[in-house]
Structure formats: C-alpha cells, structure tokens
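Chemist: These protein sequence lines are chains A and B, in that order. Numbering-wise (the working numbering), the first sequence opens with residue 660 and increments by one. Numbering-wise (the working numbering), the second sequence opens with residue 191 and increments by one.
Be a bit skeptical, because a hint or two may be false.
To be verified - Label pairs and their calculated CB-CB ranges:
#, chain 1, residue 1, chain 2, residue 2, range
1, B, R406, A, W688, 30 to 40 Å
2, A, V676, B, P538, 27 to 37 Å
3, B, D212, A, L691, 18 to 28 Å
4, A, F1013, B, P297, 47 to 57 Å
5, B, Q632, A, M704, 58 to 68 Å
6, B, P583, A, V676, 42 to 52 Å
7, B, Q572, A, R687, 13 to 23 Å
8, A, I886, B, K458, 50 to 60 Å
These aren't lab readings, by the way, just hints derived from the structure by calculation. Every residue gets a Cβ at the ideal spot worked out from N, C-alpha and C, and that includes glycine.
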Amino acid sequence: MTATPSSARRSFRFPLVLQIEPRMDSPRWLALLVSVVAVLLALVMGAVVLALVGGNPFRAYAHIAGAAFGSLGVFSDTLVKATPLIFTGTACAVAFKMKLWNIGAEGQFFMGALGASIVILAGVVSEDASRLVTLAAMVVGGALFGAAWGFIPGILKARLRVNEIITTLMLNYISFALVNYFIFGVWSEGGFQMTRTFQRAAWLPRISDLADQFPIMRGLTTHAGFILAVGVAIIAWYILFRSLWGYEIRLIGDNPRAAKYAGIKITRNTVLILMLSGGIAGLGGMSEIAGVIHRLQGSISPGYGFTGIIIAWLAKLNPLLVIPVSILFGGLILAGREIQPSGIPRLIQGIILFMLIASEVFLRYHIRLVRRPA
Amino acid sequence: MDNLVEMRGITKRFPGVIANEDVDFELRHGEIHALLGENGAGKSTLMTVLAGLYRPEAGTILVRGNPVGFNSPRDAIDLGIGMIHQHFTLIESQTVTENILLGLDEPRFLMRLSHYDKQMAKIGEQYGLQVTPDVKIWQLSVGEQQRVEILKMLYRGVEVLIMDEPTSVLAPQEIEELFKTLRSMVEEGKSIVFISHKLNEVMTIADRITVLRQGRVTAAGIDPASTSKAELANLMVGRKVLFELEKTQREPGKVVLELQGVSADNDKRLPAMRGIDLKVRSGEIVGVAGVAGNGQSELGEVITGLRTCTGGRILVNGKEVTNRHARTSIDLGVAHIPEDRTHVGTAPNLSITDNVIMKKYREPPIARGTSLDRGAAQEMAQGLKSEYTILAPSVETPARNLSGGNLQRVILARELSSEPSLLIAMQPTRGLDVGAIEGVQQLLLEQREQGAAILLISEELEEIFTLSDRIVVIYEGEIVADGVEPDAEKVGLLMTGGSRSSSKERAA
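Go ahead and model the full structure; you've got the sequences and the hints to work with.
Modeler: Structure representation (structure tokens):
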C-alpha cells in the first residue's frame, strides 16, 4: 500500500523536511541573535571566497580588523569615515520610515557641501569672523541647501504624485553638475577643479588640535563633525520614536489610509520629511568639507549617500543603530585601502547585507527541520 | 467504506496556543459538512492540516481508509483534497485560464491558451460556474474570483473541497449562487467541508455539522434538522447567547448630524450618492439598509472627511464639515468604525498602544508638548485592553497578530472611549462570531444611552432591525425610504429597487 501519493513520482526522498510556519511573536533577543549569527555566517562565506582566491582568510580578517580598529590612530580614521555615513544613514532612515524612498542622499550631501562653501566663498561671513560664527553659518548653509534638494521631490510627490525614487535619483546628477560648474568655473583655483582652501575659522576642530596639551592626541583626525553626526542621529531617533510628529510619520509609513483616517496631513508631512532627510544629508556634506577636505572639490564622496541606503536598512531604520553600523562600514572602507585586491572588503559588505536581509525570514517564520513522516 | 476522510486525535500547537486538541473529524462521501465555531476556535487550522499546509503534532489522517502523511498541499491535492482560503491566491494581472494552469505540469511548452480556455468553460458549465476564461482576474468581482478558485480545484481533480469562510466576502445574491454551485458539486459526487461561524448559513447548506470550541470538538456530525440555532450557538460559545437585546425607550434629542442634498463619486469616479438628505438625532440609532455598493460606504466616508462631496452640505452639531479635513470631524466628536478594519482602521505593524492612541495622541496626557508620553499611552492602552477584553500577549503586540474579533475590539475601544457625539458604525459586526456580535451590539446601545447619535450602516438586516430606532433604505445612491417598519420583505423589496417600479405603477 502506498500511503504517500507522490512516492511513485519520486523514488528517493530526503528523510528530513523543512517546516515553515508564521511566527506570532518575535522577541528582541531573537532579533539580536539572528543578526549576530547572520554577520558571523557572512564572515565565514567571505572566508571561503578569500581561501578560493588563494588568500589566508584568518590573516585577511586580522588585517582588516587591525587596519580599522587596531590602534587609536586607525580607529580615529575609522570614525572620520563613519561620520558622513552616520549623516546619510540617518537621512535615509528618516525618509524610509515614512516609506519615502529617498535615493538622493548623495546629491543632498553634495548640495550641503555647496551650501557650506557658498557661505565661505561668496563672502556671506567675512574672512576674519570668529570660528563659531563661521561654522554656524556653514551648518545653516549646508542644512538649507540639502533641505532644498529634498523639498523639490517632496513638493512634486505631494502635489503631483511624482515618484520620488526617480526625482531624488535624477537630482543627484544635477547636484554633481552644479558643484562641477562652481569648481571648474566660478571658484576654480588656478585652473584646478577645486576651490581655494578655506580659512582656518571654517575648519571643524579636530582632536589633534589638542595635541599641544595632550601629546597622545597627536595625529588623531577625528573632527567635531562626528559629535554633530551622533547628535543628529540621537535627535532623529527622538523625533521618530518619542515625538508626536514621529508618531505621525510611523503611522503614515505603516498605513497611509489609517493615517488619513486619523486626521493626519500626509501631503504636508511628505514635504517636511523629505526636507528633513535632505537637510541631514546636507549637514553631512558640510561636515565633510569643513572637517576633512577644507575646500570644495569634485571627489568629496565615494558614494556615501548610496552607502547610507544600505546602512539605514541594516540599522532597521533606527537612527541609534545607524551609529554602530556606520562605524563598522567606516572600518571596512578604511581597510579597503589596505587589502589587495581592494574589492574584498566591499565583497564582505555585500555578503553581510545579503545575509542580514535574508535573515529576516527567521524573525517572521518559525522554521524547523523535522523528520519526514512515514 | 462510508468515510472519505477521517481525522483522528489531531493536535496542533502554536507557540503559546493550542489550536486543535485531540480533534476527530469525519467526512462522508457526497456530503456538505459544516465546521462551525467562533473565530479562533481552530476550524481553519484543522482544515489546513487536512490540506497539507500544517503538520500536526499528534494524530492520524485516513483517506479512503489509508493512513496518509502530507508534506505539502501538493500531496493533499494528489489525493484529491483541496482548500480554498479566505484570502484568494490569484494573480491579478493574469487571465482566469492562466491562473488555473499555474503550477501544473501542463501545458508543457506552447501556451495554446485558447485550447485551455475551452476546457475551462466546459468544466464551468458542468458545475454552473459562469466565468469567462480569457479575462484578467482584476476585472472580476469577488464572487467571480471565488468561482475561479473553485474551478482551479476542480481542474486539479479535487474530490474533497474545503472552503474557508466562503461567504464572508460575498453579497447576499452571490451567496445564493455559491450555494447552488455547492449543491451541484455534491450531486456530481464531490464532498465539501464548509467552514463558517454563521448559524443561518450552516443551517441552510449543511448535511451535517461539527462544532469546535477552543480547539476541541463540542458536537460531532450532528444533523441540522435535529438541532436549533440557539443550541448551536450554545455549543459554539459555551454559554447562552441572547438573541434579544434589551433596548430602552428613548426620545431622540437635538439633531447632531445633518446632510443636505449630499452627492459624491465612488472610486471609479462615477456618481455614488445622489442628493442625500438625512438627519440623525442625539440618542438615536439610524440604520441604513442597502445592498452593498449602493452608496452606503461613500455615505460614511463623506461624513468622516475621507471622501470629497461633489455637492450639498454636511453639518455636525450645526458646524460645517463639508469637504473639510478628517481632523475637523474628529475634533467635533465624530467617531468612526470603518468598514475595512485592516486597511483603514488599523496600522498592522504598529503596536496595540500605537493603534489605540490614533485619535488621541494630540491631547494630554499622551501629548506632552511636542513629545509623546509613552508611559501615558501604554497606561491608556492597558486600561482599554482590560475594559474591552482585547486578547493579546501585551499592549506592545503588533496589530497584525490579532484575530479579526480582537482587531475590531481595538477599533471599538479607540472610537467609543472618546465619548463621541456622533458615531458612524460601518459593518460593525462583519466577520465576527455570535458572542462577539452580541458584545458589539451591546456597546452600540450603551452609546445610545449616553446620548450619542449613531448612524449604523450594515448589510445584516437582522442587525439593523434589532438596533435601529429609525430605518432608512438606500438604493442607487438615493434614500428611497425613511422610517420604514422592520419588515424583511418590505425592506428587501426597497433595497432592490422594487418600490420604484411599484410607485411608477401606482402613478400610472
């Protein structure tokens, strides 16, 4: 007697089967455990790839760790790399929480840099203004230009239902061209594609500025932009999860029809959130040129705005989690300069992202391996 | 061998819940066997076990006397057992035929759709299922989509058809048609499991009834002729259910809601309301009777600011709310139990707390300046959770994990706790089981006692008759009768436009 109908169809059957059932609850410890295991598995998969291309995975990982977190000096450099990522990651998290797909953090970052530069180069503040006044003006300029670059897709989406993915993406290219116009033409320094170096008052203070008093701080490049970034992330977290406005944003993000039913103005929030998101990314651009580069030039970002999208997702759209994730990615970017082939850290980044996203299934479903019944 | 399917001692657990405990179920050849029980009684779980989707922790399944073990729905279908779920599994952008063929090994290479179209039409004809095989799913009504699901199962040669709450999405006429189909399928020798919590339907269609309560069988295979609605309700709920509600005499007070010649379009931009005049007074329940799609959904939406009017005025407590933002009516004390619980009434991924504060988050104590006081919000949610007996592990449980009845309680808790001056209750008991229906109706009567004006929009005539102080009938976007007697035949005739022809006759 053949009890199982399909035994005739397939002669051999594996004795174990996967049983997948929806999960009613997913406790917090499980989310943490699943994420940690996913990252570890990603590292194992990366190790396999490293071994296949003839490297020694243990040495490679040790080298990456050393190059990113091995000493105070490199850790400080890691934080420098993490700073713009915290800005762009937070910018994306804020917009994504309302299901507004801002792909334009890169462009808003460039516009922020442009806004901050205008403050210096168009003489909005005089060259001998104090550091505080100069930097405050740059912060305002950067945030305003970034917000303006968020306002355009925001108003188009709210009024005409134009897809923000397209507009934010396209505005990236416009912003690159705008910055190029200024550095090739208007502010070109002796024919090079860059502006003059800003006066010292426009430099964000660095830890190494204190090296005279504390010699241990010599050469530490971490600048005040990092503190600004962490502050912005904390404020963004507070707005999203502890304020009335954040409640509205989360409600719209989860179910816009319920939000409308609750009397929440969706169009206005669409514009405001894209402006906030753009403003935060713009601050990132300001922080980068005032803290690291000290002039406006073409290559101010290796794609921080796009990496911010990944970071926002890895942080599960929580601005507080954006900070550690950005530091991890900052480390990987830094290590990328040390490792040959230099694609390896990026490969690991990709595998980590892939694994973390795939691991979501374990939070939603109860998956067990059970014996196939007779 | 009388029993086509036998389930013995089935136990199925979910984390923290026992869905089925030691359940026996038998299905005879050529019968319609109703599986009756409240929401969450374990009816669907038991049948998903039979359909091969869930694996039970204990128990055996026999098909035609042979023990079987299913690893997937495919194994069950190979043995002739198929299930149609409450939420259809159709692909909207594909045609009927394409949907039916999906997942099968045929056609092997060339699509030859027209060949299959003919085959589908033939099977449909055989069972009285009218569908056009070459139209796309999105063009079909819900009732037609259900027919496609049935066809899909018939094409797979299913002998046992399990239908999970098949009538919950259907209009009354469609239910009649479905019943006809089911009967003709039984005549062709198929066997049907009919999952439902509606006593009337079960009494009409079933050959035998099995009742489940809290995962256990309370009555197995009883004959509907030898039982009564009251007895079945008792078996389902485990206590006596009052079919009569206590309602006090009450003089209506001042006019709270006034509609003057209000018109509006539906989602397809066709006129749905044509110059409606209506008044609802304080302490009065006005029931709107009508066949679905005659403008009653739009009526509820224009009052609550979710739809724009194309003409007329709407006043709440004498203040104009015509085409104002939803917040205007909320601030004037309009509560709204929406028709669509999951898509309009709640945010699925947010917690119960976040869902109950939806209308109150702008006021203290939940609002503290621009901040949200989570402590105060949780305290309020805790209070409402116990007051309205919302069954959930905690107030931080996401709304998507709640059952239909509990989700409705979340909405009721939120809307009724605001002590509204006007309540728009749209299909407030749809999809709920007997015990829950009673509770909801009691709550509506309490609101009436407290002086709220209530506009009740419901497709359940019985509900309108028991609750309403005044009944109006809506037909093709017009109020065709105001203040009719609670007489099913008369109202039914008005609902289907019968009075119009009769009034014409009188004129002639």
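Chemist: Now tell me, hint by hint, if it's right for this structure.
Modeler: Outcome of the hint check:
no. : hint                         : result
1   : B:R406 x A:W688: 30 to 40 Å  : holds (34 Å)
2   : A:V676 x B:P538: 27 to 37 Å  : holds (30 Å)
3   : B:D212 x A:L691: 18 to 28 Å  : violated (38 Å)
4   : A:F1013 x B:P297: 47 to 57 Å : violated (36 Å)
5   : B:Q632 x A:M704: 58 to 68 Å  : holds (59 Å)
6   : B:P583 x A:V676: 42 to 52 Å  : violated (29 Å)
7   : B:Q572 x A:R687: 13 to 23 Å  : holds (20 Å)
8   : A:I886 x B:K458: 50 to 60 Å  : holds (55 Å)
Checked against the numbered hints above, the structure violates hints 3, 4 and 6; every other hint is satisfied.
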